[in-house]
Each structure stands twice: as C-alpha cells, then as structure tokens.
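Enquirer: Listed in order, the protein sequences are those of chains R and L.
Position one of the first sequence corresponds to residue 12 (our numbering), numbered consecutively onward.
Position one of the second sequence corresponds to residue 118 (our numbering), numbered consecutively onward.
By construction, these hints were calculated from the structure, which means they are not laboratory data.
Honestly, I wouldn't trust all of these hints.
As the list claims (entries may be wrong) - Sample of chain R residues facing chain L (criterion: CB under 10 Å; computed from the structure): (1) 17; (2) 44; (3) 53; (4) 56; (5) 59; (6) 95; (7) 96; (8) 98; (9) 102; (10) 107; (11) 108; (12) 112; (13) 113; (14) 118.
Every residue gets a Cβ at the ideal spot worked out from N, C-alpha and C, and that includes glycine.
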Amino acid sequence: GQSLEQPSEVTAVEGAIVQINCTYQTSGFYGLSWYQQHDGGAPTFLSYNGLDGLEETGRFSSFLSRSDSYGYLLLQELQMKDSASYFCASDNYGQNFVFGPGTRLSVLP
Amino acid sequence: DVKVTQSSRYLVKRTGEKVFLECVQDMDHENMFWYRQDPGLGLRLIYFSYDVKMKEKGDIPEGYSVSREKKERFSLILESASTNQTSMYLCASSFGGGSGNTIYFGEGSWLTVV
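All chains, please: the whole structure from these sequences, using the hints.
Expert: Structure follows, in structure tokens:
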C-alpha cells in the first residue's frame, strides 16, 4: 500500500518563502508529483520528481530524496494568489496515483 | 488544451437512488480515474482504468462501480446512494505507462445525498 503525510496548514506572508513537506510510505514508488488546488477548483499539476534532487519551475521548486522517503515543495516570492491547497502524490509507474491529505497554504498581506 | 469534462457539477439525490456520474476526456488518454475528495482526507482513489473495459479498485471502492465502454468515457455508478457518499467527486485522466505522467482533472461533481 501507499500513504503520504503532509502538514495540514501553513501560513506565510507575501514575498516570503515557504516549504511544504511530504513523507511517504509506498511500494512500487516511481516518483512524486505536486498539485495545486484553489477553493472550488480542480487540482492542477505543478511539478514532478522522478529522480533525487531539485526541480525548478519558476517560483516553484520541488525536491525528492528516495533514501529518506521525503520530498518538499518550495514556493518563493509568495503572492496572494498562491493561497490554495497543495497535494503531493506518489506515482506507481503512471497507472495509480495516491495523494496526500493536502496542505492548506494561507498567504497574508 | 486537455479537457476532462464531468457531466454534472451539482447533484442532489435521495438515499437509495442509483446515481451515474459521467466523465469524458478529449486527449486519447489510456488511464482514467475517479477520486473522492473530503475535507481533511485529501483525494482518495475509488477506481481507475488503464484501458477500455478494464478497471482496478482503488482505496475505497465499496459502494461504487465503474464502466469504461469507450476510451474517452469513464462512468462512476453509485448503485444505492447513501448519505455517507455525500462528497465531491473528481474524474481525471493521464497517458498510460511510464512515470511522471501528468494527471488532468475535471472540475468536480458535488453530490449531496439526502
């Protein structure tokens, strides 16, 4: 089976940097994805780590350490529009994705 | 743009009714998924399908069934709706095989069972 853990809530101010952690216990793990979901909307893809290390996409970066069963999403230069829920998801070779419980990020002015 | 379309955005059904939630994707994706989303529990996989007429149980299949007669369409069926199935249901699709495939979600269907 697979399970993922994330903090339930994170709060930060505009312009700051925030890190959302994700730990996982899985079998058949291939990689870790991150999704963003605004209230009332659908989750949308942010980033994927198939290998250990850091992936950077603009203001967002994601990191994976397979030896620690751990990853994180790093959001820089926070903006109000980044207030949303963020989900990590483990990938079982593209056929089965298991999501974490989600982290609600609140960005304060 | 990839589009995943769910037929109903909001539904209210009575206990015991049979409920159909329909989902269509336009990107010729092999994989399709049904998730249920509840506060504090994240997205939980109900069923997924990696090919026409194929289905696999996810983490919470009890009380649900699915149908995939055509590649682009994946239906979720509640044979006899119960109040504990009140939730938001998300359909999704992705390319098959390989790792790192992006999942594309529909806008969700809010189901209330009274």
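Enquirer: With 10 Å as the cut and Cβ atoms as the points, is residue 118 of chain R at the interface with chain L?
Expert: Since the shortest Cβ distance to chain L is 20 Å, the answer is violated.
Enquirer: Holds or violated: is there a CB of chain L closer than 10 Å to the CB of residue 112 of chain R?
Expert: At about 4 Å, which falls below the 10 Å cut-off, the nearest Cβ of chain L leaves the hint on residue 112 of chain R intact, so it holds.
Enquirer: Hey, does the residue 107 of chain R contact hint survive, CB to chain L under 10 Å?
Expert: It holds, given that the least Cβ distance between residue 107 of chain R and chain L is near 6 Å, below 10 Å.
Enquirer: Please verify that hint: residue 108 of chain R, Cβ, nearest Cβ of chain L, below 10 Å or not.
Expert: Cβ of residue 108 of chain R sits 6 Å from chain L, so the hint holds.
Enquirer: Holds or violated: the hint that residue 53 of chain R contacts chain L, with Cβ atoms closer than 10 Å.
Expert: 4 Å, holds
Enquirer: Verify the interface restraint on residue 56 of chain R: the C-beta must sit less than 10 Å from at least one C-beta of chain L.
Expert: 4 Å, holds
Enquirer: Answer holds if the nearest beta-carbon of chain L is closer than 10 Å to that of residue 98 of chain R; otherwise answer violated.
Expert: 6 Å, holds
Enquirer: Going by Cβ atoms only, is residue 44 of chain R closer than 10 Å to chain L?
Expert: Nearest chain L Cβ about 8 Å off; hint holds.
Enquirer: Against chain L, run the beta carbon of residue 17 of chain R and see if the smallest gap drops under 10 Å.
Expert: 8 Å, holds
Enquirer: Taking the least C-beta to C-beta distance, is residue 59 of chain R closer than 10 Å to chain L?
Expert: 5 Å, holds
Enquirer: Holds or violated: residue 95 of chain R as interface residue toward chain L, Cβ cutoff 10 Å?
Expert: 14 Å, violated
Enquirer: Using the nearest Cβ pair, does residue 102 of chain R come within less than 10 Å of chain L?
Expert: 5 Å, holds
In summary, the numbered hints that this structure violates are 6, 14.
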